[in-house]
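Trainee: From just these sequences and the hints, can you work out the full model?
Note that the protein sequences, when read in sequence, are chains B and D.
Reminder that position 22 of the first sequence reads as 22 in this note's numbering, one-by-one numbering, no gaps.
Quick note, this note's numbering runs 168 ahead of the 1-based positions in the second sequence.
No lab work stands behind these hints, which were simulated from the structure alone.
Treat the hints with caution; some may be incorrect.
[Unchecked claim] Restricting the straight-line Cα-Cα distance to at most 25 Å, the calculated cross-link-like pairs of lysine to any residue (SDA-like) are:
1. D:Lys-350 with B:Gly-16
2. D:Lys-266 with B:Leu-50
3. D:Lys-266 with B:Ser-52
4. D:Lys-266 with B:Arg-22
5. D:Lys-266 with B:Gly-115
6. D:Lys-266 with B:Leu-114
7. D:Lys-350 with B:Asp-118
8. B:Lys-153 with D:Leu-346
9. B:Lys-153 with B:Gly-139
10. D:Lys-266 with B:Thr-141
11. D:Lys-333 with D:Lys-266
12. B:Lys-58 with B:Val-142
13. D:Lys-329 with D:Lys-266
14. D:Lys-350 with D:Asp-263
15. D:Lys-266 with B:Thr-155
16. D:Lys-350 with B:Glu-105
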Amino acid sequence: MNHAERERLFVELFEGNRASLRRLCYGYLNSASEVDDLFQEIMTNVWNSLPSFRGEAKISTWLYRIAVNTALIHRRKRRASEALEEVADQRASAHQDLERRERLEALHRAIARLGDQDRLIVSLLLEGLSYREIADITGITVNYVGVKLSRIKQTLEQLTSEVGYGAA
Amino acid sequence: MARLEELQRLWQSQPQPAIAAVDSHGMQAALRRFARRQNLVYSLKAVVVVWLIWLCLSWAGPSALTVLGAAILLGGAFTVLITDWRSQLGIARLDFTKPSAGFVDSVLERLRDPNVLFRRLFWPQLIPICIGINLLFAAHSIVTHLGATLGPFAGYAVGMKLRSKRYAAEYRPLVERLTAMKMALEEQSQ
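Mentor: This is the structure we're talking about:
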């Protein structure tokens with residue numbers, strides 16, 4: 001891969017996936033101030049990994065693998081409990097109707113209470129990825145993804161009702 | 169619980185905060201700057217090493233023996249420098265494109281013993297340095313030779329201790345988190 005091709009592919013990946021990657025970062029960190037750091041780390045690893053991209057996996061799978069792996073070893077500076085306020089502030093600045101905003105906050109709060117890997121897996125599911133794709137990204141079997149997601153959904157159900165999902 | 173499709177719609181429609189000062193071109197420029205800075209740092213280290221050896225050579229007085237010593241010392245010092253550079257790149261060289269389960273294993277392997285590269289190269293690094301210094305100061309007293317022989321070993325021991333301490337402080341929480349994740353994966357897949 002020559003330099004021009006690498007730059008072109010990088011720009012394409014950046015422009016086409018920044019929204020979903022940033023949602024993944026939010027789902028994992030729940031801290032507005034750290035999302036930029038993690039997002040930049042992900043894009044740095046994408047840039048460094050581009051020369052080794054052989055097209056064996058779908059480019060989206062390849063990209064999500066880098067994003068998930070980068071998130072797993074990202075060193076967080078704050079504790080999740082401190083950071084939750086920031087998510088609320090971030091959402092509050094958006095022009096959305098109140099009910100929708102509250103439901104989104106409730107979902108974020110519920111996700112924030114899951115374990116590291118579960119937060120990433122549920123973010124991938126919410127992005128609309130299939131079990132097969134999630135299995136390819138995480139390296140666990142499709143069956144196990146199913147089992148894991150079933151547990152995560154149960155936990156989310158419990159948590160979203162605790163934090164008042166859709167209560168507004 | 170709300171239906172999955174509803175949650176997915178809600179999730180995917182959440183507002184995107186402004187990406188302050190982050191665009192693809194800016195990021196590429198930052199990456200290039202970072203690479204240039206890394207190269208500059210290691211180039212400066214190399215210049216300092218060459219300069220110090222040159223100073224030693226001037227002080228010892230140039231002769232066939234001292235020049236040979238300086239050359240061997242230079243080779244040894246560059247081996248250490250290159251090993252250090254490769255070790256610093258250790259984390260950056262991880263294969264982020266692997267599926268996460270395999271990725272976690274490779275990170276843990278690397279983080280559990282960050283000094284493995286230095287230990288493997290212990291003798292090839294230290295012997296040339298000791299020989300080089302001893303040849304460089306061939307005409308000096310036995311005390312100088314003793315210092316020239318023991319100095320590199322002492323420097324190595326202190327360096328390894330400092331590196332281990334820094335790694336423990338920086339990476340222990342990450343190692344613990346990844347180990348817990350790996351154990352959970354293994355237990356649940358059985």
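Trainee: Taking the earlier hints as the rules, which of them does this structure contradict?
Mentor: Violated hints (numbers, rising): 1, 11, 13, 15, 16; every other hint is consistent with the structure.
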